[in-house]
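Protein chains in written order, with the numbering used here: chain Y, 1 to 206; chain D, 1 to 169.
No wet-lab data here; the hints were simulated from the structure.
Treat the hints with care, as some may be off.
[Claimed, not checked] Restraint ranges, calculated between C-beta atoms of paired labels, are given here:
| id | chain 1 | residue 1 | chain 2 | residue 2 | range |
| --- | --- | --- | --- | --- | --- |
| 1 | D | Ala22 | Y | Ser87 | 44 to 50 angstroms |
| 2 | D | Glu54 | Y | Ala12 | 40 to 46 angstroms |
| 3 | D | Gly66 | Y | Gln133 | 29 to 35 angstroms |
| 4 | Y | Ala12 | D | His3 | 53 to 59 angstroms |
| 5 | Y | Arg29 | D | Arg23 | 45 to 51 angstroms |
| 6 | D | Arg31 | Y | Phe46 | 43 to 49 angstroms |
| 7 | Y | Ala20 | D | Asp18 | 44 to 50 angstroms |
| 8 | D | Arg31 | Y | Asn95 | 45 to 51 angstroms |
| 9 | D | Pro20 | Y | His58 | 45 to 51 angstroms |
| 10 | Y | Asp45 | D | His3 | 42 to 48 angstroms |
| 11 | D | Arg23 | Y | Glu168 | 24 to 30 angstroms |
| 12 | Y | Ala12 | D | Asp18 | 45 to 51 angstroms |
Quick reminder that beta carbons are idealized off the backbone N, C-alpha and C, glycines included.
Listed here are the chains, written in short residue letters.
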Amino acid sequence: MTGDTRRRRAEAGRSDAREATRELVERARDGDPRAFRDLVTAYRDFLYGIARRFAGSHEDADDVLQEALVKIYRNLDGLTSPTAFYSWARRIVVNTALDQIRSRERTVEFEEEATHGQEAMPGGFAPPDRGVQEREFFAHLERAIRALPPRQREVVLLHDVEGLSTEEVAERCGCPRATVRSNLFYGREKLRRSLKRFRRPGSPSE
Amino acid sequence: MNHLDAETIYALLDDRVDEPRARSLRVHLWRCDRCRRLRDECAVVVGALRRYGETTSRPPAGYWSGVWSRLQVGGRDDSRPTRRRPGGILPPLAAAATVLGLLVGGWMATRPADPEETVLPVADAPAAGAIGEAEWDEQYRFFERISVGVGSVDPLSKGLVLAGMAERR
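Build the full structure now, drawing on both the sequences and the hints.
The following block contains the structure:
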């Protein structure tokens, strides 16, 4: 198969997917719950992943997702471009998760674990790329993010996890860019310190 | 050059430092073990957050069927996804209707008779599954008020509604 044929087929596939999404959105708007279910099912792992990353636990992600799905269904009429369903739905999930973070105004008690006897390799962090250690690292990171004060958590998640620029985060949070940068700095620093159990001997202390 | 602080290093990692300054910072990092280790730690944090954003978490098995069941979406009679209250909508509505009947009945028995009775046409009540969230909430609030004010509501219905209240909070 030539590169040109492959490109044409890929484009045809994308076009079919867009058409299928548009049709499902139209049917869901007309009140077909099965179409709505099929629509969400197509993106469910992504939507759950976003809710989970922002909420920090399965239980909270479940709350976020249920609320977001109700909002998505009720606001389908406001979706101007049906083929952009995923990015639109993703934004609703993120906003719902941020509302949850702000409304709770609490942080999970998080104890930084002692470093004695846990260092693995000399110099810097142990890289999070090896099986069990990687899972442990990300589980620890998730708990540490969850323990951040709401504003820092919000900024870190939007900037570093979602990849938004400082300007976009400022717009989303309704605060000046300088506030975003300082919250980002303090949030990252707390995460760096909380990950010190993965630190190698000889790393800078603070 | 003095040792670099974490704020400067994060600015460097975020490309928020102009090129001449970035070049001198990189030269310092090349020469200074301590700052390089700090840079590595900061880079791991930023990199790990990016990777965390790319991870796809999977919920426990059977999670989605539970979600659809709770949201009441996908069945033939479902018209809107709403959060389902424990025990469904019928028991509290039935209890509310019973209490409402008792209250209205009592009022009818004691009010003075109208000189002329007018019969108004009424539409069929919507089926339970077709009641929207706003209507449900209205009936729920009504039941909440009377279940607080009237102690004789049957305990099962009251318990179901109170459990629903707890879930809402």
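Right, here's what the structure says about each hint:
1. Distance hint check for D:Ala22 and Y:Ser87: the Cβ-Cβ separation is about 33 angstroms, which falls outside the suggested range of 44 to 50 angstroms.
2. At about 28 angstroms, the beta-carbon gap between D:Glu54 and Y:Ala12 misses the expected band of 40 to 46 angstroms.
3. Roughly 32 angstroms separates the CB atoms of D:Gly66 and Y:Gln133, a value that falls within the hinted 29 to 35 angstroms.
4. Distance hint for Y:Ala12 and D:His3: a CB-CB separation of about 57 angstroms, consistent with the stated range 53 to 59 angstroms.
5. Judged by the Cβ atoms, the range 45 to 51 angstroms given for Y:Arg29 and D:Arg23 is violated: they are separated by roughly 55 angstroms.
6. Separation of D:Arg31 from Y:Phe46 is about 44 angstroms and conforms to the stated range, judged on CB atoms against 43 to 49 angstroms.
7. In this structure, Y:Ala20 and D:Asp18 meet the distance hint of 44 to 50 angstroms, their C-beta atoms being roughly 48 angstroms apart.
8. A hinted range of 45 to 51 angstroms for the beta carbons of D:Arg31 and Y:Asn95 is consistent with their spacing of about 46 angstroms.
9. Hint check: D:Pro20 to Y:His58, Cβ distance near 48 angstroms, so the stated range 45 to 51 angstroms holds.
10. Remark: the range hint 42 to 48 angstroms for Y:Asp45 to D:His3 is upheld by a beta-carbon distance near 44 angstroms.
11. At about 28 angstroms, the beta-carbon gap between D:Arg23 and Y:Glu168 stays in the expected band of 24 to 30 angstroms.
12. Between Y:Ala12 and D:Asp18 the beta carbon distance is about 46 angstroms. The supplied range of 45 to 51 angstroms therefore holds.
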